[in-house]
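*Asks:* Chain residues, written in single-letter form:
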Amino acid sequence: MTDSTSPGSRLDLKSEVRRAVASLEQKTTGSASSTSDLSIDEELNLHSIGWEQVELVSGVSVFSVPAGLWNWGQGEILGASSAHAQAFSHAISRIHKEAASAGGHGVVGVRIERSVHPSHVEVSLLGTAVRPIGAPPVKPEEVFVSDLSARDFALLMIAGWQPLGLACGASFVYAPRRQMSAVLQQSSQNIELTNFTEAMYASRESAMERMQRMAIALKGTGVVQVNVVEGPMPFATHAVGFAAWGTVVRLAKQSHQLLHPQMVVSMNDAVVAFDAETLA
Amino acid sequence: MSEPTKLPDVAEGRLAASSFSSGLSVSDFAACIDMGLEPVGLAQGYCAVRTASSVYFANAQQGGLGRSISPFQVSAGDYVENYQCPHGMVSAEHRMWGQNYQQPWIEATWKQGFTNAYARMVKEATTLGAHGVVGVVDNVSRIGQEGILEFSIRGTAVRVPGLGVPSGGPWTTYLAGQRLAKIIEAGFAPVSIVAAVSSVRVWASCITEYLMEGSGMTMWVQGAESTEVEQIVSARTAARSLVRDMARQQLQGDQLHGVELRVREHEYAKGDLEIQPVLRGNRIRRFKDFDPMPVPRLTVRLS
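Chains as they are written, first to last, in my numbering: chain A, 1 to 280; chain B, 1001 to 1303.
By construction, these hints were calculated from the structure, which means they are not laboratory data. No false leads were slipped in.
Listed next, the stretches of chain B that the computed footprint assigns to chain A, with coverage defined by at least 3 CB atoms under 8 Å from CB atoms of chain A:
| # | region |
| --- | --- |
| 1 | 1030-1042 |
| 2 | 1163-1177 |
| 3 | 1180-1188 |
| 4 | 1259-1266 |
| 5 | 1276-1288 |
Straight-line Cα separation of at most 20 Å, DMTMM-like style, residue types lysine to aspartate or glutamate; simulated pairs:
| # | chain 1 | residue 1 | chain 2 | residue 2 |
| --- | --- | --- | --- | --- |
| 6 | A | K253 | A | D152 |
| 7 | B | K1123 | A | E25 |
| 8 | B | K1182 | A | E16 |
| 9 | B | K1270 | B | E1230 |
| 10 | B | K1288 | A | D41 |
| 11 | B | K1182 | B | E1038 |
| 12 | A | K97 | B | E1230 |
| 13 | A | K14 | B | E1038 |
| 14 | A | K97 | B | E1228 |
| 15 | B | K1288 | A | E52 |
| 16 | A | K14 | A | E25 |
For glycine and all other residues, C-beta sits at the position ideal for the given N, C-alpha and C.
The shape of chain A in the complex, shown without the other chains:
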């Protein structure tokens, strides 16, 4: 990468372009092909920490949920929670296998698509398998999967940390129906529907606890870039759900490496006074 702050050291782009175009007239070298969904910036970031991309890999799973499960009951909707947990872990183990057989040590920038339907839960993972340049293959269980972008992965490694895998926790809980007398009594008041609030808290606690348990099982010290999806289930009037997932990390070096970032004033961005994207 050229240093854009010192124009003197800049490559002569025009001659590079001529060289590139002229090179296409020659025969191909016939080296091993690779596939990747990374951008050139991400690839350069990977390369700067001594890693390279190998192959586009995916893992999918669909788990069935018993019909009618969402409408009546008490406490946690175990069938749905377990379908979600298993769909995630099956999809993860499939992407592990694909990555390992392609020679990858990990998968970065994993795009996670999950959807919960009344009768099934679907999870689909897609990312690029990566490895230290030229490194020999590892076993599927040693592969790590992370939804961090290649850029964040590089940053994490430079700071002395390593990603260990994805952790996910989900819980679906019934919000019990109020008694008829309560409904009538409360009909003319503004009231908190404690049945829904409590169901939200119950599902939040179970889901976060499950994610944490997965993180500890991977011998991680924390989970970064946690995504949270919560709220009532659109297809059921008395059920709420909470799902959280993120990348499990651990300190790989003796201590956290201070990065001392250099401050720059960017001249090309509009002024943003407040960024409300947190926890979005």
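We have chain A already, so just place chain B on it with the hints.
*Replies:* Frame of chain A; chain B shown alone:
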């Protein structure tokens, strides 16, 4: 057009005139000039195709009662998996068989449409004396009755002044502007855009149907173990690896970069799916070694 790459006379006249058109944004245009790529014209290619209706309707019909008595006979070498009903004769409507199979006729239609449109764009670029086509945009739309697809591909043809006409035809890339500059600076030459599509049809077996509608018999009890829908998982996995392998076959030792994979699914009846992943990316070739990369310098933007 009988000959897929013959240009209309009017197009040849237009392309011969001494002004250029370009689909690039101003910043991409400026970056191209900076790289020494001179825009010469907007190259375009179109092609409308239709899958033979006999094959299309035989396989796109509704699930459930519309299914035939026995599974489909798949040609050798294509992906196929059969699922047997474990129940025996339950009723005439019971799904006695289930099958996943690759649909090469859909893939062939798609390939024909894309390849023709691509060849026509490249032909226009060649007529313009271009070395390459940058900032390619492609689109597929469904028109009229089922099974008809219209492909359009266009991009800005560029020339490197002073270089001879390329013997293998112009190179093409989805990239333009700064992203193209970075690829070249990193030591890669753009070769061509790559697109591939695979198509897998799922005829749900009785078990798959029950699982997808949530009426799997073992699961009525609250807390019972949930069950994976193996047939669907298998079809989705196969569709994804098929499309990747098709793209790989076009690489010939080059790298496929910046891939975008979109999976389109259509459900005809419970568990009866048509899965169609479309993969697109840039084929690039290394023309010089990576410079040893410095560890990136971290910055905090005060904005």
